[in-house]
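A.B. asks: Chain residues, written in single-letter form:
2 protein chains.
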Amino acid sequence: MKKPNSIDTPRTCSVARTIDILGDRWIFLILREAFFGVRYYDQFLSNLGIATNMLSNRLKRLVENGIMEKNKDSTDSRRMTYRLTEKGRDLYPVTLAFMQWGDRWLADEKGPPLLLFHKQCGHRLTPVMCCKHCGKVVDAKEVTYEERWKTF
Amino acid sequence: MKKPNSIDTPRTCSVARTIDILGDRWIFLILREAFFGVRYYDQFLSNLGIATNMLSNRLKRLVENGIMEKNKDSTDSRRMTYRLTEKGRDLYPVTLAFMQWGDRWLADEKGPPLLLFHKQCGHRLTPVMCCKHCGKVVDAKEVTYEERWKTF
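Chains as they are written, first to last, in numbering that gives the first Met the number 0: chain G, 0 to 151; chain B, 0 to 151.
For reference, chain G alone in the conformation it holds in the complex (with noise of 0.2 Å):
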């Protein structure tokens, strides 16, 4: 789903596609939310401060755009949950990757406000962009590109 102002840039590129789809502030947090656990409308209501009509618009946006799925809950069948799905479970560096940089450039002198434990190894979790191939954290100058197509 492409918003109404979406534009096709001359340099096509997964960024702006994925930008077209999540580029909102609500979507984000919205994801935030559900990444700590979040299932039910009124839960994300009350923890996002949002507006019932926002709230249920992106909701059904990031269910028809394959992200979120809604369904009866298994308990309780008048209610529904709101689940990631892979699609949506696979935008965990996004928001790892905002989390992070928000924590160094934006914390002010109380520190983050969130920390994050990795309970595979114990430690506090510093999440980093690494190569996939070779392990190593990746540096924007070890990197080259090679466009494939464009659309102009």
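These are computed hints drawn from the structure, not numbers from a lab.
Hints may be right or wrong, so weigh each one.
As a list, the in silico DSS-like pairs of lysine-lysine whose alpha-carbon atoms are at most 27 Å apart [claimed, not checked]:
#1 K109(B) with K86(G)
#2 K71(G) with K140(B)
#3 K140(G) with K86(B)
#4 K135(G) with K118(G)
#5 K109(B) with K131(G)
#6 K86(G) with K140(B)
#7 K86(G) with K131(G)
#8 K140(G) with K135(B)
#9 K86(G) with K59(B)
#10 K131(B) with K118(G)
#11 K86(G) with K71(G)
#12 K118(G) with K86(G)
#13 K140(G) with K71(B)
#14 K135(B) with K135(G)
#15 K71(G) with K59(G)
#16 K118(B) with K131(G)
In silico contact screen, one side only, chain G against chain B (beta carbon under 7 Å); selected entries [what the hints assert, rightly or not]:
#17 T17
#18 F34
#19 M98
#20 H117
#21 M128
#22 K131
#23 E146
To list a few chain G residues with every Cβ distance to chain B over 12 Å, as calculated [stated by the list, open to error]:
#24 Y39
#25 N70
#26 H132
#27 T143
Just so you know, these numbers come straight off a predicted model, no measurement behind them.
Glycine residues also receive a C-beta, built at the ideal position from the N, C-alpha and C atoms.
With chain G's structure known, arrange chain B on it following the hints.
C.D. replies: Just chain B, lined up with the frame of chain G:
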């Protein structure tokens, strides 16, 4: 700098703070171009197909937030350059996370429009989010959270 429509969410976190600064399609596309090596106003203009007032506004915002710096070009003092600061370069994981997700979930039959290569190991770059401590790829299920303070 907060956007006029920003709100204080009950659960303050670095995701929300980061989005307050970056939550704009153009900001991400300007950053993408900067990571591709673009330095000049007219290059941003032609690569993005953006209106001049929009571009000027976004570059100003990036400079005001310390993400880019504006300087006279060392070879032609009539031209200005816009370069990423350390704070700006530190947004590379965000850009990679967007691109990676788009490549996986939004590419059509032509495949990803842009290929990335990791010079250090010579392979196609598949960026993965890892734990800085143990080096393992981070799975959302393996992360726990500790809220240090709330604003409400």
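A.B. asks: Compare the structure with each hint and give your call.
C.D. replies: Hint check results:
1. K109(B) with K86(G): 20 Å, holds
2. K71(G) with K140(B): Holds - the C-alpha atoms of K140(B) and K71(G) are around 23 Å apart, at most 27 Å.
3. K140(G) with K86(B): 15 Å, holds
4. K135(G) with K118(G): Holds - the C-alpha atoms of K118(G) and K135(G) are around 22 Å apart, at most 27 Å.
5. K109(B) with K131(G): 23 Å, holds
6. K86(G) with K140(B): 15 Å, holds
7. K86(G) with K131(G): 19 Å, holds
8. K140(G) with K135(B): 23 Å, holds
9. K86(G) with K59(B): 35 Å, violated
10. K131(B) with K118(G): Answer holds: K131(B) to K118(G) is near 13 Å, not above 27 Å.
11. K86(G) with K71(G): Judged against 27 Å, a Cα distance of about 20 Å means the pair holds.
12. K118(G) with K86(G): Since the Cα atoms of K118(G) and K86(G) sit roughly 23 Å apart, the hinted pair holds (cutoff 27 Å).
13. K140(G) with K71(B): Between K140(G) and K71(B) the Cα gap is close to 23 Å, so the pair holds against 27 Å.
14. K135(B) with K135(G): 11 Å, holds
15. K71(G) with K59(G): 15 Å, holds
16. K118(B) with K131(G): 13 Å, holds
17. T17: Interface hint status for T17(G): holds (4 Å vs cutoff 7 Å).
18. F34: 6 Å, holds
19. M98: Check passed: Cβ of M98(G) comes within 5 Å of chain B, closer than 7 Å.
20. H117: 5 Å, holds
21. M128: 4 Å, holds
22. K131: Interface hint status for K131(G): holds (4 Å vs cutoff 7 Å).
23. E146: 6 Å, holds
24. Y39: 15 Å, holds
25. N70: 19 Å, holds
26. H132: With a cut-off of 12 Å, H132(G) comes too close to chain B, as the shortest Cβ separation is near 4 Å.
27. T143: 5 Å, violated
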